[in-house]
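Colleague: Letter by letter, the chains look like this.
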Amino acid sequence: MMKAVLRHLLRNRRRSILTLLAVLIPVYFLVFMFGFTNGVVSDLFTTATRIDTGHFQVRHVEKRGMGSARPLLQDADVWAAAVHEMEGVEWTTTRLDLPALASSGDRSQTVYVQGVIPEEVAPISNIENLILDGRYIRSDDHGAVIGQELSQLLSISVGSDLVLLGAHPETGVGVLKIPVVGIYDAPLSEMGKGLIQVPLETARQLARSPRAATAIVARVEGVTGVGDLGKIEAITAQLAGQLPESLEVVDWRELAPQVKSYMSILGPALTSVGVVFFGLGSLVVLNTLYLAVKERTRELGLIISLGASRGRVIRMFLMEAGVLAVLGSVWGALVGAGLILGIEALGGVPIPGEYGAFARAIGMSTELHLAIRWPQLLLAAATMSLVAILAAWLPAYQASKLEPVEAMRYVE
Amino acid sequence: MSNNPLIQTMDLKKNYITEALETPALRGVSTELHAGEFTAVAGPSGSGKSTLLHLLGGLDRPTGGDILLEGRPMSKLSKDELAKLRLTNLGFVFQAYNLIPVLTVLENTAFVLELQGVVRRERIKRAKKVLAELGIDQYADQYPNRISGGQQQRVAVARAVVAEPSIVLADEPTANLDTAMSLDLIDLMKRLNREKGSTFFFSTHDSRLLDRVNRLITLVDGKVEQDESRDAS
Ligand SMILES: Nc1ncnc2c1ncn2[C@@H]1O[C@H](COP(=O)(O)OP(=O)(O)OP(=O)(O)O)[C@@H](O)[C@H]1O
Ligand SMILES: [Mg+2]
Chain A
1071 MMKAVLRHLL RNRRRSILTL LAVLIPVYFL VFMFGFTNGV VSDLFTTATR
1121 IDTGHFQVRH VEKRGMGSAR PLLQDADVWA AAVHEMEGVE WTTTRLDLPA
1171 LASSGDRSQT VYVQGVIPEE VAPISNIENL ILDGRYIRSD DHGAVIGQEL
1221 SQLLSISVGS DLVLLGAHPE TGVGVLKIPV VGIYDAPLSE MGKGLIQVPL
1271 ETARQLARSP RAATAIVARV EGVTGVGDLG KIEAITAQLA GQLPESLEVV
1321 DWRELAPQVK SYMSILGPAL TSVGVVFFGL GSLVVLNTLY LAVKERTREL
1371 GLIISLGASR GRVIRMFLME AGVLAVLGSV WGALVGAGLI LGIEALGGVP
1421 IPGEYGAFAR AIGMSTELHL AIRWPQLLLA AATMSLVAIL AAWLPAYQAS
1471 KLEPVEAMRY VE
Chain B
2 MSNNPLIQTM DLKKNYITEA LETPALRGVS TELHAGEFTA VAGPSGSGKS
52 TLLHLLGGLD RPTGGDILLE GRPMSKLSKD ELAKLRLTNL GFVFQAYNLI
102 PVLTVLENTA FVLELQGVVR RERIKRAKKV LAELGIDQYA DQYPNRISGG
152 QQQRVAVARA VVAEPSIVLA DEPTANLDTA MSLDLIDLMK RLNREKGSTF
202 FFSTHDSRLL DRVNRLITLV DGKVEQDESR DAS
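Chains A and B supply the protein sequences, listed in that same order.
The opening position of the first sequence corresponds to residue 1071 in my numbering, with each subsequent residue numbered one higher.
The opening position of the second sequence corresponds to residue 2 in my numbering, with each subsequent residue numbered one higher.
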């Protein structure tokens, strides 16, 4: 029967090719969409975890009425060492962030002071590479790096003194006068206006808490994209069990909620695109098979007259559809995957415009990297094949119900 | 001739109903066909020959009466059972479009065996043997559109007898053939009847073929007008 099936397909070459394409194109398209969205999600994830959140943080649990200030976690260095020791943790650093008023002469501006360990902070901050004037901060001296925007607002430059007035709700007011050691070019003007980096010790003085921090930021080993989220989850779960009640683990989901919400709409979005494309593809299969049944009415009449069972007639058409469906789906998946691999071999898709510049500024690749996973390939190809074969049922069933005498009298 | 008929029709009636019109095609045909017979049914156009053959072949249902095949009433059979009966007990030769275009002569001949589930080697062997007996084995690997109408009808006969059915039903098998080819085809069928005992029942309105048959049933207006045994040449 397979021989006859293939000969029928070859006889109607044009129609077979059309059907093949009707199956191939949706699969190809969906695979490419998968590849693209994988790239976008990974990019969003990397951006978010790279820009300042890390993969997870250990913090003091939130307190009420603290405004934009974060609660202080005491003995931060002890906790930082403990997290750093954990299996699978690749990197940690300690941060103390607090809101402050920055002034020089009679000008002032509210800012957010980030106390960081300058030698460690590179994986979540790229400011060191954005210095326009002066140098980056160092652990062994007091000093601040400020954005270009802030330097203009306060009309100060490298070497000028900056007065910081910190007011942490837990420790009261602290004042500090430190020199500006560097000016950076911020990727976003909000950041340039409002974000100051100082060494951790300086921030601790401003907060008047020599052993405190607001967060221990960590990265997990071997996490290159959203495919590796399980690794983060495993560690945060383990850590959560070991922390005292006053401390909590916050993972990137809370730290970068936009990534999570994007990911949660992707599934339904891709599904609905898939439904539309697969629907159209199977309509074509349905239609071509109806044509085939009509065209072969006489032949079907003959076969049924000779005593072919209904099942046999149905099988014949399902096989015809099946060959095209499977061939087209696999082909489409391969073409889609090939395109993705090809684009990657050429270095990915350049991110255009401001977002590209932003990506460069935060130290990320300026290309979107497409990626496809085996299960996605399989899912796209298998679903299309299945839907196409299901669509073939209708005409196949209709063929099996033909009345032999009438079918044989049928004239095209 | 044995006493148990192969096929027995009992007051067989068929009315075609189209829109308001009701056409009585068969008005009560009662007859018997026996194993080993070589019978033709003749009659003017519209007399009901095709209708009778369709009913005997289980391709259509009568509106009255019944057919007993080897004693069993066909009216009791479901559609699927009728299909099975056609496959195992009956052979068919139609006026035209007998062959499946995408299959070769050999594959067409073996087709009913394939439907019956005979394994490939066996069905090829049997099909080849029949083609050789009918002298058309040189066309075995040709597709139907590459051979003449006369050859196509011979292949159809080969296909009809390959599974050794109880009876071969043929509706005007020579209608599209010229006289020489028609006589050839009938002689071929007659040879199978003589040498292998195959039972044939065919319709024709070509009087030149009628001196080849053992028995001639003449239909007029859906009724048997004459039923005569003949000395076949
Ligand atoms: N499907 C049908 N619907 C309606 N009427 C039909 C149908 N088939 C046959 N008839 C009518 O039934 C009658 C008998 O037709 P049938 O085809 O059996 O005759 P026939 O002897 O085979 O004629 P011919 O020699 O032309 O083939 C005719 O009047 C014909 O018009
Ligand atoms: Mg007729």
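It is possible that part of the hints are untrue.
[Unchecked claim] Estimated spans, in silico, between C-beta atoms of each pair: (1) B:Ser46 <-> A:Ile1087: 43 to 51 Å; (2) B:Glu134 <-> A:Glu1473: 28 to 36 Å; (3) A:Lys1471 <-> B:Ser46: 25 to 33 Å; (4) A:Glu1365 <-> B:Arg122: 45 to 53 Å; (5) B:Met11 <-> A:Tyr1360: 54 to 62 Å; (6) A:Tyr1360 <-> B:Arg62: 22 to 30 Å; (7) A:Glu1473 <-> B:Asp228: 29 to 37 Å; (8) A:Arg1479 <-> B:Thr64: 12 to 20 Å; (9) B:Tyr17 <-> A:Lys1471: 16 to 24 Å; (10) B:Glu20 <-> A:Leu1353: 32 to 40 Å; (11) B:Lys197 <-> A:Leu1460: 41 to 49 Å; (12) A:Leu1460 <-> B:Thr24: 37 to 45 Å.
[Said to hold, decoys possible] Computed from the model, here is a short list of chain B residues facing chain A with C-beta under 7 Å: (13) Arg87; (14) Leu88; (15) Leu116.
Rather than coming from a laboratory, the hints here were simulated on the basis of the structure.
Beta carbons are placed, not taken as given, at the ideal position from N, Cα and C, and that holds for glycine.
Colleague: Enumerate the violated hints, using their earlier numbering and listing them in ascending order.
Modeller: Those not satisfied are hints 4 and 5.
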